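So you can see what is in the structure, the chains are spelled out below.
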Amino acid sequence: MKSSESTLVHTETGSKVIRGSKTIETARTKGLSRKAKDNLAGYLFISPWLIGFLGLTLGPLLFSLAASFTDYNITSKMNFIGLDNYKRMFTMDDLFRTSLFNTVYYVIFSVPLTTAGAIVLAVLLNQKIKGMKFFRTIYYLPAVLSGVAVYFLWMQLLSPSTGLVNTMLGWFGIEGPAWLFDPEWTKPALLMMKMWSVGGGMLLYLAIMQGVSPQMYEAADIEGASPWQKFYYITLPMISPIIFFDVITSTIGAFQIFQEAYVMTENGSGGPGNSLLFYNLHMWNNAFEVFDMGYASAMAWLLFIIVMVLTAVNMKLGKRWVHYEGGDGK
Amino acid sequence: MRSTTAPKFHETKKFKENVRLTIVTLLLIAGSTLILLPLWWMISTSLKSPAEIAQYPPTFIPKEFNFSNYIEAWQTAPFTRWALNTLFLAVVGTIGSVLVNSLVAYAFAKIKFKGRNTIFVLVLSTMLIPGFVTMVPQYILFSKLGWIDTYLPLLVPAFLGSAFFIFLLRQFMMGIPNELIEAAVLDGAGHLQIWWNIMIPLTKPALITVAIFSFNGAWNDLLGPLLYINDESKYTLQIGLQTCKGTVQTQWHYLMAMSVTVLLPVILLFFFFQRYFIEGSNLSSGTKG
Numbered sequence: 001m002k003s004s005e006s007t008l009v010h011t012e013t014g015s016k017v018i019r020g021s022k023t024i025e026t027a028r029t030k031g032l033s034r035k036a037k038d039n040l041a042g043y044l045f046i047s048p049w050l051i052g053f054l055g056l057t058l059g060p061l062l063f064s065l066a067a068s069f070t071d072y073n074i075t076s077k078m079n080f081i082g083l084d085n086y087k088r089m090f091t092m093d094d095l096f097r098t099s100l101f102n103t104v105y106y107v108i109f110s111v112p113l114t115t116a117g118a119i120v121l122a123v124l125l126n127q128k129i130k131g132m133k134f135f136r137t138i139y140y141l142p143a144v145l146s147g148v149a150v151y152f153l154w155m156q157l158l159s160p161s162t163g164l165v166n167t168m169l170g171w172f173g174i175e176g177p178a179w180l181f182d183p184e185w186t187k188p189a190l191l192m193m194k195m196w197s198v199g200g201g202m203l204l205y206l207a208i209m210q211g212v213s214p215q216m217y218e219a220a221d222i223e224g225a226s227p228w229q230k231f232y233y234i235t236l237p238m239i240s241p242i243i244f245f246d247v248i249t250s251t252i253g254a255f256q257i258f259q260e261a262y263v264m265t266e267n268g269s270g271g272p273g274n275s276l277l278f279y280n281l282h283m284w285n286n287a288f289e290v291f292d293m294g295y296a297s298a299m300a301w302l303l304f305i306i307v308m309v310l311t312a313v314n315m316k317l318g319k320r321w322v323h324y325e326g327g328d329g330k
Numbered sequence: 001m002r003s004t005t006a007p008k009f010h011e012t013k014k015f016k017e018n019v020r021l022t023i024v025t026l027l028l029i030a031g032s033t034l035i036l037l038p039l040w041w042m043i044s045t046s047l048k049s050p051a052e053i054a055q056y057p058p059t060f061i062p063k064e065f066n067f068s069n070y071i072e073a074w075q076t077a078p079f080t081r082w083a084l085n086t087l088f089l090a091v092v093g094t095i096g097s098v099l100v101n102s103l104v105a106y107a108f109a110k111i112k113f114k115g116r117n118t119i120f121v122l123v124l125s126t127m128l129i130p131g132f133v134t135m136v137p138q139y140i141l142f143s144k145l146g147w148i149d150t151y152l153p154l155l156v157p158a159f160l161g162s163a164f165f166i167f168l169l170r171q172f173m174m175g176i177p178n179e180l181i182e183a184a185v186l187d188g189a190g191h192l193q194i195w196w197n198i199m200i201p202l203t204k205p206a207l208i209t210v211a212i213f214s215f216n217g218a219w220n221d222l223l224g225p226l227l228y229i230n231d232e233s234k235y236t237l238q239i240g241l242q243t244c245k246g247t248v249q250t251q252w253h254y255l256m257a258m259s260v261t262v263l264l265p266v267i268l269l270f271f272f273f274q275r276y277f278i279e280g281s282n283l284s285s286g287t288k289g
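Protein chains in written order, with our numbering: chain A, 1 to 330; chain B, 1 to 289.
Here chain A stands alone, though its shape is the one from the complex (with noise of 0.2 angstroms):
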C-alpha cells in the first residue's frame, strides 16, 4: 500500500519537473519540490488512519459482505450458500423479528425524547441565572458516567421493592410495575436510564444558541414576540443544523443499543419474554455463542443498509428544515 503511495507522489514530481523550472529552483537543496514533498508528507501522516481504515473498517466491511453468503463459522471451510443466511432471517429465525422489533421500538422512542430533552435543557440552561455553571456541570455529569457500575446502579434503582424510583413513585400513591422483570416495562425502563444521561447532548445545543445574536431577540422584543414566538421563529431555525446532526447521530447509535442489555439481563439472555432482545444482542449470540459468522455477518450488512438508508432519508429530509445561515434557506 505504502509503496503505490509514493509512486503515486514521484509521478506527481516528474510532472512537475517537465511543467515548471520554477518549482524546482525553490527546492533544489533537497532535491524535491516543495509539493511533491507536502504531498508525501501527507500521506505519510495520515498513514495511521489509511491502515486504519482499510484494516479495520473497508476491509471488514467487504469481508462480512462476503461471509454474509457462507456458512463460515471460523473452524471449518466456508461454504457459498447463496442468500440462504439472508432467507433464514425472514422467514425462520423468530427472534430475528423479535429483535428487529425490539430495537425498531427503542429507535422509536428514544431518539426524539432525547432529542427534544437536550433541546428543552439547553433552553433552560440559557438562561441568565445565578448558579449556572453549576446546573451545567451537573446535568452533564452523568454523560461521562457510563459502563457496567451505571448498569448496576439502575438495577437497585428499578428494584421492584425496594428501588428508589418506585419508592418515590410511592409517595405520590403510584405502584410502581416491576420494571426489568416485566417484558412490558423493560424497554421503558431503558429508556428512562436513557434520559438520566440527556444532558450530554445539551451541550451542542447550548453551544449553538449562544452564538445567536442577542440583537436578534431584543428585535423580536421590541416587536412584542412572547418567549415561544422567540423560540419557535429564531432558536429552532437557528439550531436545526444540530438537530439535524443530532437526529442522524443518535438514529445510529440507538441502533447499537446492546450493553445495557447485555449486562442488565443474565448475560444477554434478553431479559423476560425476550423484551431486551435487541439486534444487535442476537447478532452477538450468533456470532460469538454459536460461532454463526456467515449468520451474523448477514445481519450485519441487513443493519448496515437499515442505518445508512435511514441517514439518507434523514439528509432527504433535512433539506426540507435545516435552516443554514448564509444559505438560501429552501
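Bear in mind the hints are in silico, worked out from the structure with no lab data behind them.
Fair warning: this is a prediction, and the values are worked out from it, not measured in the lab.
For glycine and all other residues, C-beta sits at the position ideal for the given N, C-alpha and C.
Subject to a maximum C-alpha distance of 27 angstroms in a straight line, what follows is the list of computed BS3-like cross-link-like pairs (lysine-lysine):
id, chain 1, residue 1, chain 2, residue 2
1, B, K13, A, K230
2, B, K114, A, K37
3, A, K230, B, K14
Computed Cβ-Cβ distance ranges for the label pairs, DEER-style:
id, chain 1, residue 1, chain 2, residue 2, range
4, B, N178, A, G253, 35 to 45 angstroms
5, B, P205, A, G82, 49 to 59 angstroms
6, A, G131, B, I71, 30 to 40 angstroms
7, B, F88, A, I51, 17 to 27 angstroms
Calculated Cβ distances over 12 angstroms to all of chain A for the following chain B residues:
id, residue
8, F15
9, S68
10, I71
11, L84
12, L87
13, D149
14, T150
15, M174
16, N197
17, L202
18, P205
19, A211
20, D231
Put chain B on the given structure of chain A with help from the hints.
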C-alpha cells in the same frame, strides 16, 4: 400572576422576567435533584448493611456507615490486578490516541496534499458506520493474527486514529495562523518538526480534551475486553465487574461499593477537567452552517 387587584409593578416587564427566571431556577433545581439522587442512592446503598437495604420503606441516609463494605467488596475478586490492567490500557491507549490523532489532524489541517478533501470526507463518513457492522470481521481478523487474549486488539486501534478525534483536532488546528507554519518552512523546518514544536504546544487544550475522552473511553470500555480477553488475570475493571454480578448477585451493598469505586476516577476526572469535557463537546459542533 395577573390578578386585577395587583399593583402596577406586577405588570412590569421586570417583574415578569423575574417570575420567569424563578420558575426556570426551580425547574433546574428539581432536575438536578433527579440527576443527583441516583448517585446519592448508590453511595448510600454502598454503606448500608444488607438488613437495612432489605428494609421497607428504604432509608435515604444509612443508619450506620459500613465503610468496611468497600474493603470486603474489593477482596471478593482480584480487583487490584484488574484496576492496574485497566490503568495500563487506558494510559497507553491515551498516549497513542493523542499522538496519532494530532499527527493525522495536522495533515488534514495544514499540509496541502493531493486528494486531501476527498479523503477527509471519507474520514467523516466512517462516523456513520455502526461499530457493530465491523465487529464480527474484526474479531475474525484478530483471531487469525493470534491476538485473542492479548491486549493488542484493544491497543492497536488506538494507534490508528479515530474519525471523531481527527475531526475535533483539525477544527482546532484550522484556527492556528498559516503564517506560523510558512515562517517555520522558510527556516527549513520539516512538517514533523512543525507538528512537534509548533502544533503540539499550541493545541494543548484540544489535546487534553482528546486525552480525557480517550482515557474515559478506555476506562469504561466493556465490549472490547468482553470480546478479546478470556484470562481472568487479564480482565479489566468493566469485565471483572460484569462477572461479579453472578457471584455476588443481590448483595447490593457490595455491588454498589464496587460501582462507586470504579466510577470514582471518572467523576474526579470530570470535576477537575470539566472545562475540557465541555469544550470538547462544544468543539464538535464547530461545523455549523
